[in-house]
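K.L.:
Here are the chains, one letter per residue:
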Amino acid sequence: MINFLTSFSPAFILIAAGIVAAFTPLYQGRKFLMIAAPALVLVLINIMYLNGDADGALGGYFQVAGIELTTIRIDNISIIWGNIFAFAGILNGIFGLHEKCKITDTSALIYTGAGLGAVFAGDLITLFMFWELLALSSVFIVWRGGKESYPAGMRYLAMHILSGVLLLAGAVIYGKATGSYEFNNIGIDAPGGKLMLLAFGIKAGFPFLHNWIQDSYPKSSVTGTVILSVFTTKLAIYALLRGFAGTEILIYIGGVMTVFPVFFAVLENDLRKVLSYSLNNQLGFMVAGIGIGSSLALNGVAAHVVVDILFKGLLFMSMGAVLHRVGTAKASELGGLFRTMPLTTLFCLIGAGSISAFPMMGGFISKSMIIAAMFEGHHYIVFGMLLFASAGVLEHSGIKVPYFAFFSHDSGKRPKEAPWNMLVAMGIASFLCIYLAWPWGGEFVGFKGLYAMLPHDTTTGAAEFHPYTADHVVFQMQLLMGAMFAFTFLKRFGWYPPERRAQILDFDWTYRRLGLNLLKWIDAMWTRLGALIIYMLKTMFGRIGTRLYHVFSPAGALSQAAPSGIAAVFTAAMLAALLLGAYLF
Amino acid sequence: MNITSLYPQWVFTHGPALLVVLPLMMAVITALLPSKNAVGAKLAWLFTLGTVVVCALLAFALLMQVISHGPVSYAMGGWEPPIGIGYYIDALNAPILLLITVIGTLCMIYALPSIAAEVEPTKRALFYSAFLVSFAGLLGMVATGDAFNVFVFLEVSSISTYVLVAMGASRDRRALTSAYNYLMMGSIGATFFVIGIGFIYMQTGTLNMIDIARVLQDGGVDSRVTKLAFAFIVIGLGLKLAMFPLHTWLPGAYAYAPSFVTAFLAATATKAALYLLLRFSFTIFDPSWDFVAKSLMYLLAGMGIVGMMVASLQAIFQNDIRRVLAFSSVAQVGYMLLGVGMVTTLGLTAGYLHMLNHAIMKGALFIAVGAFWYRFGITQVSDMKGLGKTMPLTMAGFTIAGLSLIGVPGTVGFVSKLALVRAAAENGWWWAVGVIVVTSILAIIYIGRLIEQAYFHPAPKIGNKTVAKNEAPLAMLIPLWILAISAIVLGINAEWTTSLAEAAAHVLSGGPIVEFPHAVGGH
Chain C
1 MINFLTSFSP AFILIAAGIV AAFTPLYQGR KFLMIAAPAL VLVLINIMYL NGDADGALGG
61 YFQVAGIELT TIRIDNISII WGNIFAFAGI LNGIFGLHEK CKITDTSALI YTGAGLGAVF
121 AGDLITLFMF WELLALSSVF IVWRGGKESY PAGMRYLAMH ILSGVLLLAG AVIYGKATGS
181 YEFNNIGIDA PGGKLMLLAF GIKAGFPFLH NWIQDSYPKS SVTGTVILSV FTTKLAIYAL
241 LRGFAGTEIL IYIGGVMTVF PVFFAVLEND LRKVLSYSLN NQLGFMVAGI GIGSSLALNG
301 VAAHVVVDIL FKGLLFMSMG AVLHRVGTAK ASELGGLFRT MPLTTLFCLI GAGSISAFPM
361 MGGFISKSMI IAAMFEGHHY IVFGMLLFAS AGVLEHSGIK VPYFAFFSHD SGKRPKEAPW
421 NMLVAMGIAS FLCIYLAWPW GGEFVGFKGL YAMLPHDTTT GAAEFHPYTA DHVVFQMQLL
481 MGAMFAFTFL KRFGWYPPER RAQILDFDWT YRRLGLNLLK WIDAMWTRLG ALIIYMLKTM
541 FGRIGTRLYH VFSPAGALSQ AAPSGIAAVF TAAMLAALLL GAYLF
Chain P
1001 MNITSLYPQW VFTHGPALLV VLPLMMAVIT ALLPSKNAVG AKLAWLFTLG TVVVCALLAF
1061 ALLMQVISHG PVSYAMGGWE PPIGIGYYID ALNAPILLLI TVIGTLCMIY ALPSIAAEVE
1121 PTKRALFYSA FLVSFAGLLG MVATGDAFNV FVFLEVSSIS TYVLVAMGAS RDRRALTSAY
1181 NYLMMGSIGA TFFVIGIGFI YMQTGTLNMI DIARVLQDGG VDSRVTKLAF AFIVIGLGLK
1241 LAMFPLHTWL PGAYAYAPSF VTAFLAATAT KAALYLLLRF SFTIFDPSWD FVAKSLMYLL
1301 AGMGIVGMMV ASLQAIFQND IRRVLAFSSV AQVGYMLLGV GMVTTLGLTA GYLHMLNHAI
1361 MKGALFIAVG AFWYRFGITQ VSDMKGLGKT MPLTMAGFTI AGLSLIGVPG TVGFVSKLAL
1421 VRAAAENGWW WAVGVIVVTS ILAIIYIGRL IEQAYFHPAP KIGNKTVAKN EAPLAMLIPL
1481 WILAISAIVL GINAEWTTSL AEAAAHVLSG GPIVEFPHAV GGH
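Residue numbers (our numbering), protein chains in the order written: chain C, 1 to 585; chain P, 1001 to 1523.
Careful, some of the hints might be misleading.
[Stated by the list, open to error] The list that follows gives simulated cross-link-like pairs (lysine-lysine, DSS-like), each with its CA atoms no further than 25 Å apart:
1. P:1294 x P:1385
2. C:147 x C:448
3. P:1469 x C:100
4. C:147 x P:1469
5. C:147 x P:1465
6. C:520 x P:1465
7. C:100 x P:1036
8. P:1123 x C:147
9. P:1385 x C:147
10. C:102 x P:1385
11. C:102 x P:1036
12. C:330 x C:194
13. C:102 x P:1469
14. C:194 x C:176
15. P:1461 x C:147
16. C:102 x C:147
17. P:1036 x P:1123
Simulated from the structure, these hints should not be mistaken for laboratory data.
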């Protein structure tokens, strides 16, 4: 049984579960699948990993169009993503227990499966297949958000299909030039490398390619946003880490990614959109870490992915709970909810503390690693940007989200506490946020357990790192206290941007508005061009004679189809061209 | 177990002839059936179905025979090939025979409800008879090894096809003008083709394909007459296979013919013509001759590329569903021509593979569209609103085939597009890779439009009531889903189809065939 289950990519188990769920009328059955399938996969991948050799477990070979595909590659890097993806799958299942939507259940399972399949892909073609499946399955989750989410989902799909197309083009160029489709370090200078970097960049939310995140995530349903926040972007981080570790330009891209969402997030009113911006900002830390490429930095990225999935999921869950109970997640309409939703408030605060990297909480042990690696790499400007961004994170995610939702001025709303299943999911995530940063205990307890999973040894050597040293803690506290002081100061004197209903124009306006108008213009021009050609044909034949005109342009039914006379002329012209060619050559 | 051992021996010795003669004979019998009552029509359908099923079994046996024992040759009436008419079946045309007969079988199942709705009762028996003639013609032009015989069957199938298209008139009068248009164009194509054959005969003094190739190899290469013959044949066949810009007959014919005819034609007719183009360019003429190579590269690949772009754009702006799919067919022919125009083994494999795969997906799409009309009278894209709710199974089959047409991984469309991209990359044709990618995006738009209408708009209301669910009859769903499932199965495990395409490409890259095979039947 185990032998059979480990002989193919675990992604297929989840995809099969998704297909079964699509035909399961009882929602209890689907919910069972939602939790059991990722749990089974979690067990299986660890068995496969432990049975593998030094290069990891390889397998699931496939032959498609003459290329051998490796659908299983579980090594010390992909197992980290595999574990946290499967675990997040379980958490999402618990969080969504109350929901009775077949489409979300089905696509969530397939989406999770696609994410795992892509992480375990050993070659670029497999990666591409799951990459596309990821986009196709997730767009249905976006669309569950109601009417407004439909165009957002379309834009989301367009971006991701574009990303897939770029990836395939890059992969083919790369495979052709190197003769191998294996997915290892690619490098930006490799043939097709830039195309693939761009493909990964779209999914990772590089600046100016990021808007699909803030566009689609906040418009999805309560559970949808939680599910979406886990896989797509983190998979892109994985792909970047595999393919482009140590590419210098990523340091600067990452730096920009951490800084610019801060401003948008501070101004934004929809708290789920604030979180989407902060998601972008956290991705920036990871991208910058990949850019450094040292073993310490890569460790930091891997650790940060794990904790980020937990605390970002937790924050989205808490806002989802608010949305579920109150019906809105807009800062201007919330406030004072801590009275009736105390547990949700607590969990949200833990998530906020983790994302702000308070010592003893999730973000601290991973983010400090990336920042330290940045310092060691002598990239002082980006180092400064990361510090600014850390303070900014505290500002918008650490303080703004819980403050405006649960405290602030009393909105008078007295919703019920979140449903039990949401509390359980948030509770588990909160527990892990604290547990994974726990400084005391034996060798595999607390943060040491997380560090032991990382690809490079953290106790000695180049990646040696101890988070709980006096200067780390003090430095971090100074930063956080400073930021908190700034918030209090601005708020006290009324200078903090008030929570207002407003549209913030981000870069996506350019391609939403401009792109739409461009398409309309092309459409109009195409119609006009067609009309012009018909007009020219008419005048041309008009000159030859009305008789010909009557033959070649019959009115009525045939006006759309080309008359056979014209087609005959075409035929003769082509024959003439071919004969001329044959005569000349 | 060897499947071929289940067949009686005469299947292998007389199969090639039976495949063509049987439907021709049955066409006569079907035409004589009483046509005044419904029983006659039902009987005609049963006869026709039986015939195509037997033909499918024969074609399968021949394919197995070719795979295991190499080419099969058959001397009609016992007259040895260079003098008599010889039939010649190898790895290049055996899969096409199977394709035509299998698609024919599936379409015949579909025909029962579809024809009952679209053709007047008194004409049904004659309709089936015309179909059998067309079917026999297609098989004949693929199976024969005689160049003039090709022309005869080309005309046999074409003329009966014009009739079939015109039968759509009881549904839409525009079928008549379309059929007329098709008749004009088809006749021009056939004339060009026969002029080409005439020039070949003038040059070589023989009409047998293998014999022609032998004489040409002996030294007819540089002759102007040979070049002239090649030019006429390529243009004539280009018209028949809807090479851009000679495709103008196709959208009308596909859009207004009865649904059953469209589904059958879209999946088979252009494929048979493309096969002939391959046969003539590679195994009769020689692709190593300069003017053949240049025409293949500049004319086929060039027109293929232009056709892919222009026809895809045209498909986007169509209002009639069948016209959307028809223009997409022109674009897909462009993919095949592009693969053929590369003249490399990989390119030929990709083109041939796409030919087989395209038949599967287009067959499914047109069958589904016919079902939409059958239940709700839908022909326009804007009328597809809510079909995801009102005809869920039909629409799901349509969607699978549509995704395959786009080239979504896990479907046949992806397999052949990937093969094509690889072939283009191996050839160093990066611009072609770009065009394939761009046209795939265009395909997302024109197929996405249809799928979007069906799934993201509520079903229309009549009075105050939303239109109720009304699934297509089983006789339509079964062929649709057989094709849709094979689009997925052959998309995930493409070994069988790829091996067929590779075998065909192997024949093509082997150069002209000048030796008669040993396995000769018909004595």
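K.L.:
For a C-alpha distance cap of 25 Å, please report whether residue 102 of chain C and residue 1036 of chain P respect it.
P.N.:
Given that 25 Å is the threshold and the Cα spacing comes to 52 Å, the pair is violated.
K.L.:
For a C-alpha distance cap of 25 Å, please report whether residue 1036 of chain P and residue 1123 of chain P respect it.
P.N.:
Holds - the C-alpha atoms of residue 1123 of chain P and residue 1036 of chain P are around 9 Å apart, at most 25 Å.
K.L.:
Residue 102 of chain C and residue 1469 of chain P: Cα distance at most 25 Å?
P.N.:
Status holds; Cα separation ~19 Å.
K.L.:
Check whether the Cα positions of residue 1123 of chain P and residue 147 of chain C lie no farther apart than 25 Å.
P.N.:
50 Å, violated
K.L.:
Taking only the CA atoms, is the gap from residue 194 of chain C to residue 176 of chain C under or equal to 25 Å?
P.N.:
Since the Cα atoms of residue 194 of chain C and residue 176 of chain C sit roughly 15 Å apart, the hinted pair holds (cutoff 25 Å).
K.L.:
Are the Cα positions of residue 147 of chain C and residue 1469 of chain P separated by 25 Å at most?
P.N.:
With Cα atoms ~24 Å apart, residue 147 of chain C and residue 1469 of chain P stay inside 25 Å; holds.
K.L.:
Does the alpha-carbon distance linking residue 1469 of chain P and residue 100 of chain C stay inside the 25 Å limit?
P.N.:
23 Å, holds
K.L.:
Between the alpha carbons of residue 147 of chain C and residue 1465 of chain P, is the straight-line distance 25 Å or under?
P.N.:
Status holds; Cα separation ~22 Å.
K.L.:
Going straight from one Cα to the other, do residue 100 of chain C and residue 1036 of chain P come out at no more than 25 Å?
P.N.:
With a Cα-Cα distance of about 56 Å, the restraint between residue 100 of chain C and residue 1036 of chain P is violated, given a limit of 25 Å.
K.L.:
Does residue 194 of chain C lie within 25 Å of residue 330 of chain C when you go C-alpha to C-alpha?
P.N.:
39 Å, violated
K.L.:
Between the alpha carbons of residue 102 of chain C and residue 147 of chain C, is the straight-line distance 25 Å or under?
P.N.:
Distance of about 18 Å is within 25 Å: holds.
K.L.:
Holds or violated: residue 520 of chain C with residue 1465 of chain P, Cα cutoff 25 Å?
P.N.:
It is violated: about 35 Å lies between the C-alpha atoms, which goes past 25 Å.
Checked against the numbered hints above, the structure breaks hints 1, 2, 6, 7, 8, 11 and 12 and satisfies the rest.
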